[in-house]
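Undergrad: Sequence:
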Amino acid sequence: MFIVYFVCTWIFLFVDNSLVCSVCHSCAANSKMVGSVDVLAHDSSINGTMKQWPEDFNSMTIMRDHVTLTIGENGIGNGVVQNGTENGERKIVLGRNIHTTCLEVTEPDIDDEVTGEREAYMAGVLAKYKKSLTERTNYHLGYPYNLNFDYDALSQLQHFSINNLGDPFIESNYGVHSRQFEVGVLDWFARLWELEKDEYWGYITNCGTEGNLHGILVGREVFPDGILYASQESHYSVFKAARMYRMECVKINTLWSGEIDCDDFKAKLLCHKDKPAIVNVNIGTTVKGAVDDLDLVIKKLEEAGFSQDRFYIHCDGALFGLMLPFVKRAPKISFKKPIGSVSVSGHKFVGCPMPCGVQITRLEHVNALSRNVEYLASRDATIMGSRNGHAPIFLWYSLNMKGYRGFQKEVQKCLRNAHYFKDRLVDAGIGAMLNELSSTVVFERPHDEGFVHKWQLACQGNVAHVVVMPNVTIEKLDDFLNELVQKRAVWFRDGNCQPYCIASDVGQENCLCALHR
Numbered sequence: 001m002f003i004v005y006f007v008c009t010w011i012f013l014f015v016d017n018s019l020v021c022s023v024c025h026s027c028a029a030n031s032k033m034v035g036s037v038d039v040l041a042h043d044s045s046i047n048g049t050m051k052q053w054p055e056d057f058n059s060m061t062i063m064r065d066h067v068t069l070t071i072g073e074n075g076i077g078n079g080v081v082q083n084g085t086e087n088g089e090r091k092i093v094l095g096r097n098i099h100t101t102c103l104e105v106t107e108p109d110i111d112d113e114v115t116g117e118r119e120a121y122m123a124g125v126l127a128k129y130k131k132s133l134t135e136r137t138n139y140h141l142g143y144p145y146n147l148n149f150d151y152d153a154l155s156q157l158q159h160f161s162i163n164n165l166g167d168p169f170i171e172s173n174y175g176v177h178s179r180q181f182e183v184g185v186l187d188w189f190a191r192l193w194e195l196e197k198d199e200y201w202g203y204i205t206n207c208g209t210e211g212n213l214h215g216i217l218v219g220r221e222v223f224p225d226g227i228l229y230a231s232q233e234s235h236y237s238v239f240k241a242a243r244m245y246r247m248e249c250v251k252i253n254t255l256w257s258g259e260i261d262c263d264d265f266k267a268k269l270l271c272h273k274d275k276p277a278i279v280n281v282n283i284g285t286t287v288k289g290a291v292d293d294l295d296l297v298i299k300k301l302e303e304a305g306f307s308q309d310r311f312y313i314h315c316d317g318a319l320f321g322l323m324l325p326f327v328k329r330a331p332k333i334s335f336k337k338p339i340g341s342v343s344v345s346g347h348k349f350v351g352c353p354m355p356c357g358v359q360i361t362r363l364e365h366v367n368a369l370s371r372n373v374e375y376l377a378s379r380d381a382t383i384m385g386s387r388n389g390h391a392p393i394f395l396w397y398s399l400n401m402k403g404y405r406g407f408q409k410e411v412q413k414c415l416r417n418a419h420y421f422k423d424r425l426v427d428a429g430i431g432a433m434l435n436e437l438s439s440t441v442v443f444e445r446p447h448d449e450g451f452v453h454k455w456q457l458a459c460q461g462n463v464a465h466v467v468v469m470p471n472v473t474i475e476k477l478d479d480f481l482n483e484l485v486q487k488r489a490v491w492f493r494d495g496n497c498q499p500y501c502i503a504s505d506v507g508q509e510n511c512l513c514a515l516h517r
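Note that the numbering used here numbers the sequence shown so that position 13 is 13, with each residue one more than the last.
Some hints here could point you the wrong way.
Claimed, not checked - In silico lysine to aspartate or glutamate, EDC-like type, Cα no more than 16 angstroms apart, as pairs:
no., residue 1, residue 2
1, Lys266, Asp225
2, Lys275, Asp225
3, Lys273, Glu302
4, Lys275, Glu302
5, Lys336, Asp225
6, Lys273, Glu303
7, Lys273, Glu248
8, Lys336, Asp295
9, Lys337, Glu374
Unchecked claim - What follows is a set of in silico ranges between Cβ atoms, one per label pair, in the way DEER data are often shown:
no., residue 1, residue 2, range
10, Asp293, His419, 47 to 57 angstroms
11, Lys273, Glu104, 14 to 24 angstroms
12, Met384, Pro338, 23 to 33 angstroms
The hints are simulated quantities; they were obtained by calculation from the structure and are not laboratory data. Quick caveat: nothing in here was measured; it's all calculated off a predicted structure. Even glycine gets a Cβ: it sits at the ideal position worked out from N, Cα and C.
Could you build the full structure based on these sequences and the hints that come with them?
TA: So this is what it looks like as structure tokens:
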């Protein structure tokens, strides 16, 4: 029963969010399937003696036991795969089951303290893991993480268990906290989004998803019978929130750019005029980096008869929420407009080494969530309760070191490099798209899952993307493109395999397939 539930849950999640890929049959037969890195593999013999990894270990080792699911409207498909589909349904290639490569936790031998064997083994494991991380970091292009940072100055704090329990603004009885750093970071973001100190409440979350969960939860508490509206290209955590909170959710169509279709938005608002609207606005969509037009969203709400006391807007600014304020002529994300909350990730553009985020909302809204907790001698309106106290220090350190001018310089560099990369793709005959306010370059999905894995590309359907972050240099983009061009010459050599048509994903003008070239 548990196994069936587990499998069905994962299938549901993947279907619900359309995390699909399609691979041409002739290419799939020739491509190597790549899974999790072998760096964590470790065998134990019967007598418990630990085997050392081979000296010639290669963290790019090819794995051949990916799980392939074919998903359609009615579940798992059956039949012959043709043109990347099975019975007209798309395939999903999942990563390798980590249980096949995990490191076993074993009991120390009685004489380990004398022999030092276990300590030496552990040191060897960590050394090889560090080597693997270094190698994988060199081939990282598909996910929006800024890997260009140096926090050596903070290593002295790793000896402390820093926990920011409960409300950031009210000290608890637990004294090993970093609230003074946390509130300093929150003040910085409140100024960035134009909200006065005495008018905002917020906290540093454990990830970007928690920011969305909290923002939508505040909206639900303000309007218990409200309907959640989100574009179909919103991050999957938005729809996760709808399921968790048992909210009615209406998906809005998008333009080919990935931006919300405001005409469809208005039409669906008019179908539910009797209930308040809780709206998720994307400040950079997951796949295409599209920025929803906040001003137009507000206008459509007003046109549909929703006054400001009948709607709540949460802005998901995971990556671009911090970039947009430093883009010339970009629309403003500001609490001077009728928005309820904004969230941004700290491990993305800022470059924090652990997942974290910032959630800011209006103080008047959070009272519906906040509760006194005698055990803490504080209040709590957060989702997680215990929160990583190290993350605020890393964020505070980075904001102080870079400042507004530093972030502006990095944003301009990313946008410049993204335009360079998009132009080079097109010059090479590869269909590509770059939204005006984005550093996410969308292009034809590579036909080799081994290549996708090596460069850690994020793929959906017939497209993949590269997110140009501060650590992504022109040299790295050139290396990637040169290898991609070489691979394409092999994939398309005999004519049995053709470049994907991406017109339905990014518009005909950005597609360079045989039909639209």
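Undergrad: Next step is simple, just say for each hint if it's right about the structure.
TA: Do the hints match the structure? See the list:
no. : hint                                 : result
1   : Lys266 to Asp225                     : 19 angstroms, violated
2   : Lys275 to Asp225                     : 7 angstroms, holds
3   : Lys273 to Glu302                     : 11 angstroms, holds
4   : Lys275 to Glu302                     : 14 angstroms, holds
5   : Lys336 to Asp225                     : 26 angstroms, violated
6   : Lys273 to Glu303                     : 11 angstroms, holds
7   : Lys273 to Glu248                     : 14 angstroms, holds
8   : Lys336 to Asp295                     : 12 angstroms, holds
9   : Lys337 to Glu374                     : 37 angstroms, violated
10  : Asp293 to His419: 47 to 57 angstroms : 22 angstroms, violated
11  : Lys273 to Glu104: 14 to 24 angstroms : 59 angstroms, violated
12  : Met384 to Pro338: 23 to 33 angstroms : 28 angstroms, holds
Taken one by one, the earlier hints fail for this structure at numbers 1, 5, 9, 10, 11, listed in ascending order.
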